[in-house]
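Visitor: Residues per chain, in single letters:
Number of protein chains: 2
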Amino acid sequence: MSVIFYGCVSLDGYLADKNHGLGWLHASGSPEETEYDAFYKTIDIVVMGRRTFDEVSKLGSVADIYPTTTNYVFTSRNDLEAEGIQTVSGDVVTFIQKIAADKRIWLVGGGGLLAPLLEAQLVDRMYIQVAPVILGDGIPLFQKQPYSRRFVMSDVKRYGQFAELVYDRLPANT
Amino acid sequence: MSVIFYGCVSLDGYLADKNHGLGWLHASGSPEETEYDAFYKTIDIVVMGRRTFDEVSKLGSVADIYPTTTNYVFTSRNDLEAEGIQTVSGDVVTFIQKIAADKRIWLVGGGGLLAPLLEAQLVDRMYIQVAPVILGDGIPLFQKQPYSRRFVMSDVKRYGQFAELVYDRLPANT
Numbered sequence: 228m229s230v231i232f233y234g235c236v237s238l239d240g241y242l243a244d245k246n247h248g249l250g251w252l253h254a255s256g257s258p259e260e261t262e263y264d265a266f267y268k269t270i271d272i273v274v275m276g277r278r279t280f281d282e283v284s285k286l287g288s289v290a291d292i293y294p295t296t297t298n299y300v301f302t303s304r305n306d307l308e309a310e311g312i313q314t315v316s317g318d319v320v321t322f323i324q325k326i327a328a329d330k331r332i333w334l335v336g337g338g339g340l341l342a343p344l345l346e347a348q349l350v351d352r353m354y355i356q357v358a359p360v361i362l363g364d365g366i367p368l369f370q371k372q373p374y375s376r377r378f379v380m381s382d383v384k385r386y387g388q389f390a391e392l393v394y395d396r397l398p399a400n401t
Numbered sequence: 228m229s230v231i232f233y234g235c236v237s238l239d240g241y242l243a244d245k246n247h248g249l250g251w252l253h254a255s256g257s258p259e260e261t262e263y264d265a266f267y268k269t270i271d272i273v274v275m276g277r278r279t280f281d282e283v284s285k286l287g288s289v290a291d292i293y294p295t296t297t298n299y300v301f302t303s304r305n306d307l308e309a310e311g312i313q314t315v316s317g318d319v320v321t322f323i324q325k326i327a328a329d330k331r332i333w334l335v336g337g338g339g340l341l342a343p344l345l346e347a348q349l350v351d352r353m354y355i356q357v358a359p360v361i362l363g364d365g366i367p368l369f370q371k372q373p374y375s376r377r378f379v380m381s382d383v384k385r386y387g388q389f390a391e392l393v394y395d396r397l398p399a400n401t
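Keeping their order, the protein sequence lines are chains A and B. The numbering used here runs 227 ahead of the 1-based position in the first sequence. The numbering used here runs 227 ahead of the 1-based position in the second sequence.
Next comes chain A alone, as it looks inside the complex (with noise of 0.2 Å):
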């Protein structure tokens, strides 16, 4: 499998202000601007955190929103129940392991998923697309660590007010 996370943050490396909002997001300009089009239909997983599906389900239905991927949730909460989800629990590196190699993975949000997948080494692509906006607290799209990750920048773009910055992993054995 391909593991990709692919995301919007702050200046300030914020994926959301305290409260989750995406206001300041919205206020950034239209993301029709971006390639994310192009870029769904890469897809085959999408996994999320229970919060960011919260989020997401404010703006409609995920089978909708993520009509053609199969769309795993990780909860604690046995009782979620929504259409075009399927909610998992445990260690998200155990799970991104079995999955099948031919699959790519869209890490939705979710810091909390993204850290052990770092650490792990699991995280082939990243495309972060930086608003211009230093929100001054929020949800850190990069937990502090005791580690340190280097990547291969292989990409800059402009879409209107986002800069769009593409990462792959280091190729093994540096």
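Keep in mind that a hint or two might mislead.
Copies of the same chain look alike in the list, so a pair counts if it fits in one copy or across any two.
Below, in silico cross-link-like pairs of lysine-lysine (DSBU-like), each with a Cα-Cα straight-line distance of 30 Å or less [to be verified]: (1) Lys268 to Lys285; (2) Lys371 to Lys384; (3) Lys268 to Lys384; (4) Lys245 to Lys371; (5) Lys285 to Lys371; (6) Lys325 to Lys384.
These are computed hints drawn from the structure, not numbers from a lab.
Chain A is already provided as a structure; the job is to place chain B on it using the hints.
Guide: Relative to the frame of chain A, chain B by itself:
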């Protein structure tokens, strides 16, 4: 005066590692690839904190590194003396506001100096070079703050493994 930030950060937003070290940065490629020389020629005054001064001093004399500018170091120590610098203490906002209108000020390093200037909406331009490294922890460029600040992204460039993002202050009344 105009106030400009120009500097490198890790992908997770740190200016330096926890020990104020920059080894991760030097490992990311040569700064010669950027337009630093052209940038420095436009600057009249350099302002830095004492920690940044200590780091710069490891590379050589400030008088040699910043030879054509007036260089101020913010410090509460009275005994700091070095060739090519003047020490200042007190409020950075008050200090900056007294500088003549035609002067261009480069804020080197220093999340601690940047924060009050951002709050006072005195930062006119930021050149941020993003290195392809998740450091995990360190000295953040943007400190946590109870306010948000929106900028206008005016340029995105690539220099080897660095992405340079350029932001300008929003015009007044927006």
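Visitor: Each hint should be assessed against the structure and marked as holding or not.
Guide: Hint check:
no.	hint	in the structure
1	Lys268 to Lys285	within (23 Å within a copy, 51 Å between copies)
2	Lys371 to Lys384	both (27 Å within a copy, 28 Å between copies)
3	Lys268 to Lys384	both (20 Å within a copy, 28 Å between copies)
4	Lys245 to Lys371	both (17 Å within a copy, 11 Å between copies)
5	Lys285 to Lys371	both (29 Å within a copy, 27 Å between copies)
6	Lys325 to Lys384	neither (33 Å within a copy, 39 Å between copies)
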